[in-house]
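J.: In short: position in the sequence shown from 1, add 45, done, that's my numbering.
In short, the hints are calculated from the structure, not lab data. Bear in mind that the values here come from a model prediction, so they are computed numbers and not experimental data. The C-beta atom is built at its ideal place from N, Cα and C for all residues, glycine as well. Please note that a few of the clues may not be correct.
[To be verified] The calculated label-pair distances, taken between Cβ atoms and stated as ranges, are:
hint, residue 1, residue 2, range
1, ASP90, PRO304, 36 to 46 Å
2, GLU298, GLU98, 17 to 27 Å
3, MET89, GLY297, 15 to 25 Å
4, GLY297, TYR333, 46 to 56 Å
5, ASN212, ALA300, 21 to 31 Å
6, GLU159, VAL229, 32 to 42 Å
7, ASP176, GLY85, 21 to 31 Å
8, ARG157, ASP281, 41 to 51 Å
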Amino acid sequence: MAETIGTVACIGNPIADKGHGEEAYERAFDLLGREGERYGFAVMDLTGGSFEESLANARQHAELYDALVVVGGDGMIALGANAIGGSGKPLGIVAVGSGNDFARGLELPVNRIETAVEGIVGAIACGTSLDVDMGHVTGIGESASIDRYYAGMLSCGVDASINDRANHSHLPNGSLRYLAAVAVELTRLKAYGYHVRAVLADGRVDERDIVSPLLTVANSRHIGGGIEVCPYASFDDGLLDLVWLDHMPKLGELARIVPNVYNGRLLAHPLFGWRRVREVEISHIEGYPMPPMLMADGEYVGDLPVRVTAMDRALRVLVPPAVADQQLRRLDDRSSVVIRRDGRDSLTGEFVC
46 MAETIGTVAC IGNPIADKGH GEEAYERAFD LLGREGERYG FAVMDLTGGS
96 FEESLANARQ HAELYDALVV VGGDGMIALG ANAIGGSGKP LGIVAVGSGN
146 DFARGLELPV NRIETAVEGI VGAIACGTSL DVDMGHVTGI GESASIDRYY
196 AGMLSCGVDA SINDRANHSH LPNGSLRYLA AVAVELTRLK AYGYHVRAVL
246 ADGRVDERDI VSPLLTVANS RHIGGGIEVC PYASFDDGLL DLVWLDHMPK
296 LGELARIVPN VYNGRLLAHP LFGWRRVREV EISHIEGYPM PPMLMADGEY
346 VGDLPVRVTA MDRALRVLVP PAVADQQLRR LDDRSSVVIR RDGRDSLTGE
396 FVC
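Given only the sequences and the hints, what does the whole structure look like? Please build it.
T.: The structure is reproduced here in structure tokens:
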């Protein structure tokens with residue numbers, strides 16, 4: 046990152062966590078302001094009264110700042126991705142939300158405001174960052190108004206229902222909200238009908254009907270506060286990971302896979318389909334229930350049909366100098382190791398042993 050950062054814009058989510066989001070934001074903003082005086086950068090507040098208002102502020106005043114810092118959960122990272130993705134402006138992350146899954150995937154500090162700010166300031170002072178992939182969701186036909194970037198996951202089935210239920214939960218802890226939502230939604234599984242046309246990593250086209258309760262287009266590994274829906278995901282391969290359940294699971298299959306949601310072995314089970322894709326079009330098959338509203342990084346996107354495209358290293362993230370040189374290489378190595386461990390072919394997604 047060669048540019049000198051003279052002004053840092055900050056956005057928080059004051060209504061998050063029953064109002065505690067405002068306290069976290071004020072703490073982070075104050076710390077950044079103090080460090081700005083020390084290191085020679087100004088800090089400005091662009092927080093609006095809603096996601097859309099804050100996003101509009103960030104876009105309308107883009108010429109006034111050189112870096113954007115978001116304080117909150119994955120929804121705030123989605124805001125940052127939509128505000129400055131593809132611009133070259135770096136994004137700083139103070140992860141204090143209910144899930145924090147994108148930050149967790151990059152091994153950034155989670156629920157540690159001072160440590161996160163310290164890392165951001167170190168990145169500004171030393172000029173260190175990582176360029177990571179994003180997903181771009183655009184609507185087709187009646188959904189043409191959809192135009193949204195995301196950093197972590199696009200949820201298209203029961204994963205979206207779980208996220209929606211967790212968003213409306215009154216439980217005090219983020220992980221508890223997701224676990225409770227999983228428990229409820231697993232008792233209400235239904236098979237949605239998807240028609241999928243995917244451009245694979247090698248350029249081949251894979252077109253198929255998928256009747257499944259779950260369909261996810263992942264850029265990161267985690268969802269729901271650490272659930273590893275896609276342990277194979279890599280942030281810098283220019284690809285997205287399409288994950289689905291091959292069929293409606295039986296009770297015994299659920300019993301076998303549930304223990305693996307946190308240990309990185311979920312896709313080792315043949316119940317799951319997996320492909321790496323450059324682009325994928327997803328539409329609804331008539332005669333099956335309509336999937337729930339799509340959610341990207343915990344934010345509501347809209348309904349099918351959509352096209353999802355991998356944006357190669359389009360989001361720049363501020364990271365401490367000690368992390369920058371090795372982080373993506375280490376995460377990518379991890380991805381290759383777990384794919385081989387689970388016996389899948391990295392190109393076709395099929396099991397080879």
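J.: Hint by hint, say whether it matches the structure.
T.: Evaluated hints:
The given range of 36 to 46 Å is respected by ASP90 and PRO304, whose C-beta atoms sit roughly 44 Å from each other. At roughly 44 Å, the beta carbons of GLU298 and GLU98 sit outside the given window of 17 to 27 Å. Checking the proposed 15 to 25 Å range against MET89 and GLY297 shows it is violated: the Cβ atoms sit about 56 Å from each other. For the pair GLY297 and TYR333, the supplied restraint of 46 to 56 Å is violated, since their beta-carbon distance comes to about 24 Å.
ASN212 and ALA300 have their C-beta atoms about 27 Å apart, which keeps the hinted 21 to 31 Å range intact. The supplied range of 32 to 42 Å is met by GLU159 and VAL229, whose beta-carbon atoms lie about 36 Å from each other. In this structure, ASP176 and GLY85 meet the distance hint of 21 to 31 Å, their C-beta atoms being roughly 25 Å apart. A beta carbon spacing of about 25 Å between ARG157 and ASP281 contradicts the range 41 to 51 Å that was offered as a hint.
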